[in-house]
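Student: Residue-level listing of the chains:
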Amino acid sequence: MSLRRLSLGLFAALVAGTAVAQTAVRPAPLKSGIEFTGAEVRALQNDEFANPAMLWVLRGTALWTQPAGKDNRSCASCHGDATTGMKSVATHYPQIDKSSGSLINLEGRIQQCRERRQNASPLKYESEELLGLTAFVRMQSRGMPLAISIDGPARAYFERGRDFYYKRVGQMNLACAHCHQDNWGKKLGPEIISQGHGNPYPGYRLEWQTMGSLHRRFRSCLSGVRAEMLPQGAPEYLDLELYLAWRSGNLPVETPGVRR
Amino acid sequence: MIQKQSQRRGSFPQRAAITAAAWGIGLMAGAGVLAQTPQAYQVEQGEIRAALADAGDPVRGRAVVLSRESGNCFLCHAFPDADGAPPGNLGPEMSGVGARMNAGQLRLRVVDSARVNAQSIMPAYYRIEGLNRVAAAYRGKPLLSAQQVEDVVAYLAQLK
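Line by line, the protein sequences give chains A and B.
Quick note: the first sequence, position 23, residue 618 per this note's numbering, numbers continuous.
Quick note: the second sequence, position 115, residue 958 per this note's numbering, numbers continuous.
These aren't lab readings, by the way, just hints derived from the structure by calculation.
Predicted model only: the values in this text are computed from it and were never measured.
Ideal placement from N, C-alpha and C gives every residue a C-beta, glycine not left out.
One should not assume that every hint holds.
[What the hints assert, rightly or not] Below, in silico cross-link-like pairs of lysine to aspartate or glutamate (EDC-like), each with a Cα-Cα straight-line distance of 20 Å or less:
(1) A:762 - B:972
(2) A:693 - A:676
(3) A:781 - A:630
(4) A:782 - A:635
(5) A:665 - A:724
(6) A:693 - A:746
(7) A:719 - A:831
(8) A:782 - B:912
(9) A:626 - A:786
(10) B:1003 - B:924
(11) A:782 - A:630
(12) A:693 - A:721
(13) A:626 - A:777
(14) A:781 - B:936
(15) A:782 - B:936
(16) A:782 - B:926
(17) A:782 - B:924
(18) A:762 - A:710
[Said to hold, decoys possible] Computed footprint of chain A on chain B; a stretch qualifies when at least three of its residues, placed anywhere within it, have a C-beta under 8 Å from a C-beta of chain A:
(19) 917 to 926
(20) 931 to 944
(21) 958 to 967
(22) 972 to 979
Make the full structure from the sequences, and use the hints.
Tutor: This is the structure:
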């Protein structure tokens, strides 16, 4: 075999490695990750008193009415009772932020209110406070179907998210789609691979022994394939979050979820 | 046998520990050990016939296959003599693979499965080109060293 044929073969392999179908498809039938966990995890998630994520929700509940910042205003000062004011809000996130014209997720919106409307110190992504507030606000949409828009200016973000989803990354050279679109229901070592929906987050993972954001989960999967991790809140993760939310169709919000 | 074991449910903490250990393969050892650029090799009719290193040792090969830090093969394949780690099933079972394939075919599979099936989800264990966004600790390094590839091939070849 000549060196030329060798390099041709290599070239073919490289092309094949990157040329993947980039059509946005939803898994069918749509199944929340909770369907892939055992009965014990389901019981934990559904029991308000046993659900470990409720600790963070309680923190969020307290923060909602706690005045902060120069203007000494709380979230409730503007939005009132969250059970009505925040009802179904999370089903529309991520969305285009009217003030900036760019994509924002629920964490981003909360951070924005905190800085602009409360004039308070910023909340760090993945901080206990932001996890708590986000979980509390998202919980006001618990059980309601996601209703994401990818029209207009959201389209470009959606397409970038989709491209990320289908791109092979890391030393193990796998895309999100290889596991969660093509092989859900199969096992990776001891773990059943779910369809990889974001609907339970922020959620409690027994594996982490704590609460985490969806972006933290992205980092886990990327570190698993030995790919670069980006910081929570990175624009690429927002794109991915939008794609995932679209891909989840009308699955219900499950926050605060529990997973293995 | 192995399959059954993996389906058995442990208690929570136990299962959580297994999970974290098996899929948390990110930042482990290995990086320093594997710091080497893959050498050139020839593919002839679906085989790499020439060994990439010294004769492989099946005992070492088995350890690589079952190790979380290096081969991690059990994440996707069930091996007949694996103990402990419950296997995944993204790839075919490995019992009898040494009867289905010769050493040259096995070597190509492990080195770069995309040369056999362009759509393969099996990582190329001895290739550094054509990868995206590889974590800094692993960049420019193949998953396995040439000697580890030989050890794995020797192990697979005796699964008859």
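Student: A separate judgement is required for each hint: does it hold in the structure or not?
Tutor: Going through the hints against the structure:
Of the supplied pair hints, the one linking residue 762 of chain A and residue 972 of chain B holds, its CA atoms being roughly 15 Å apart against a limit of 20 Å. Only pairs whose Cα atoms come within 20 Å are accepted, and residue 693 of chain A paired with residue 676 of chain A is rejected, the gap being roughly 24 Å. Between residue 781 of chain A and residue 630 of chain A, the direct Cα distance comes to roughly 13 Å. Compliance with the 20 Å bound is thereby established for this hinted pair. Of the supplied pair hints, the one linking residue 782 of chain A and residue 635 of chain A holds, its CA atoms being roughly 19 Å apart against a limit of 20 Å.
Distance restraint check for residue 665 of chain A and residue 724 of chain A: the Cα-Cα separation of roughly 18 Å lies within the 20 Å cut-off, and the hinted pair is therefore satisfied. Restraint check: the Cα-Cα separation between residue 693 of chain A and residue 746 of chain A comes to about 14 Å, which is no more than 20 Å; the hinted pair holds. The straight-line distance between the Cα atoms of residue 719 of chain A and residue 831 of chain A is roughly 18 Å, inside the 20 Å bound, and the hint therefore holds. With a C-alpha separation of about 19 Å, the suggested pair residue 782 of chain A and residue 912 of chain B falls inside the 20 Å cut-off, and the hint holds.
A distance of roughly 16 Å separates the Cα atoms of residue 626 of chain A and residue 786 of chain A; the hinted pair therefore holds under the 20 Å criterion. Note on residue 1003 of chain B and residue 924 of chain B: the hinted pairing holds, with a Cα-Cα distance of about 12 Å set against a maximum of 20 Å. In summary, the hint linking residue 782 of chain A to residue 630 of chain A is supported, as the alpha carbons are separated by about 14 Å, within the 20 Å threshold. Simply put, residue 693 of chain A and residue 721 of chain A have alpha-carbon atoms about 25 Å apart, too far for the 20 Å limit, and the pair is violated.
Only pairs whose Cα atoms come within 20 Å are accepted, and residue 626 of chain A paired with residue 777 of chain A is accepted, the gap being roughly 14 Å. For a cut-off of 20 Å, the pair hint linking residue 781 of chain A to residue 936 of chain B stands: about 13 Å separates their Cα positions. Distance restraint check for residue 782 of chain A and residue 936 of chain B: the Cα-Cα separation of roughly 13 Å lies within the 20 Å cut-off, and the hinted pair is therefore satisfied. Our distance criterion of 20 Å between C-alpha atoms is met by residue 782 of chain A and residue 926 of chain B, whose separation comes to about 17 Å.
Taking the CA atoms of residue 782 of chain A and residue 924 of chain B, the gap is about 19 Å. The hint holds against a cut of 20 Å. Between residue 762 of chain A and residue 710 of chain A, the direct Cα distance comes to roughly 35 Å. Violation of the 20 Å bound is thereby established for this hinted pair. With a cut-off of 8 Å between beta carbons, the segment 917 to 926 of chain B has 3 residues touching chain A; three or more are needed, and the interface restraint holds. Three residues within the 8 Å Cβ limit are the bar, and the segment 931 to 944 of chain B against chain A gives 3, so the coverage statement holds.
Residues of the segment 958 to 967 of chain B lying with their CB closer than 8 Å to a CB of chain A number 6, which satisfies the three-residue condition for coverage. With 8 residues bearing a CB less than 8 Å from a CB of chain A, the segment 972 to 979 of chain B meets the requirement of three and the coverage assertion stands.
This entry does not satisfy hints 2, 12 and 18, going by the numbered hints stated previously.
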